[in-house]
Amino acid sequence: GDSVTQMEGPVTLSEEAFLTINCTYTATGYPSLFWYVQYPGEGLQLLLKATKADDKGSNKGFEATYRKETTSFHLEKGSVQVSDSAVYFCALTAGGGADGLTFGKGTHLIIQP
Amino acid sequence: EAGVAQSPRYKIIEKRQSVAFWCNPISGHATLYWYQQILGQGPKLLIQFQNNGVVDDSQLPKDRFSAERLKGVDSTLKIQPAKLEDSAVYLCASSSDGSTDTQYFGPGTRLTVL
Chain D
1 GDSVTQMEGP VTLSEEAFLT INCTYTATGY PSLFWYVQYP GEGLQLLLKA TKADDKGSNK
61 GFEATYRKET TSFHLEKGSV QVSDSAVYFC ALTAGGGADG LTFGKGTHLI IQP
Chain W
1001 EAGVAQSPRY KIIEKRQSVA FWCNPISGHA TLYWYQQILG QGPKLLIQFQ NNGVVDDSQL
1061 PKDRFSAERL KGVDSTLKIQ PAKLEDSAVY LCASSSDGST DTQYFGPGTR LTVL
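Protein sequence lines, in the order shown, are assigned to chains D and W. Here the first sequence stands for residues 1 to 113, where the numbers follow the numbering used here. Here the second sequence stands for residues 1001 to 1114, where the numbers follow the numbering used here.
You may find that some hints are simply not true.
No more than 16 Å apart at the CA atoms, straight line, and that leaves these computed lysine to aspartate or glutamate pairs for EDC-like [as the list claims (entries may be wrong)]: (1) D/52 x W/1101; (2) W/1044 x D/2; (3) W/1015 x W/1085.
Simulated from the structure, these hints should not be mistaken for lab results. Being a predicted model, the structure only gives us computed values, none of them experimental.
Isolated chain D (complex conformation) (with noise of 0.2 Å):
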């Protein structure tokens, strides 16, 4: 079946420093590719979504690029802040109708002043 995997974390950072979270997939077909991102106390968001090889994410700083060739769809940011403190998701949807999210298992980020 689909499924997702990401780095596991806790990921600590320095305020500026430049940031990669790293994600593969394994899905059938072509799937829409996710990245998700829940605030502390605060529910799951959506953060960006590339939808066909090549498309570029991109979202408050954050950017994913949709690579095929390597199933991979890494966030990345070039500058962090203690704002983006939070657990960040890939995910995907196989489409075709159900098109529920495939999940992995979240990394938990954490930025020091």
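Fit chain W to the known structure of chain D by using the hints.
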């Protein structure tokens, strides 16, 4: 625009008891999802509705879990009887038309089974 509403926010029950969760999606959203999130893991899809019909319930433990979406609006998820391993956060999400459309999540119901 009001978000996805869920109730109750917290529930504590004894094993073998029954429990029900309620979800009201964003107005006009045709697709509704229930997910189970066990501590330290990502959410897992339990069931997907399109209007009031079931699209995918392949991961729903049907011997103890049931869900309905009468009239294609709000939805109820029930567990009967509950087991210790059902302790989790139950998330409801909705989207306007499934597929690649954004899913909007509610705050969740945290269930503890003792």
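Quick rundown of the hints versus the structure:
For a cut-off of 16 Å, the pair hint linking residue 52 of chain D to residue 1101 of chain W stands: about 14 Å separates their Cα positions. Taking the CA atoms of residue 1044 of chain W and residue 2 of chain D, the gap is about 12 Å. The hint holds against a cut of 16 Å. Of the supplied pair hints, the one linking residue 1015 of chain W and residue 1085 of chain W holds, its CA atoms being roughly 10 Å apart against a limit of 16 Å.
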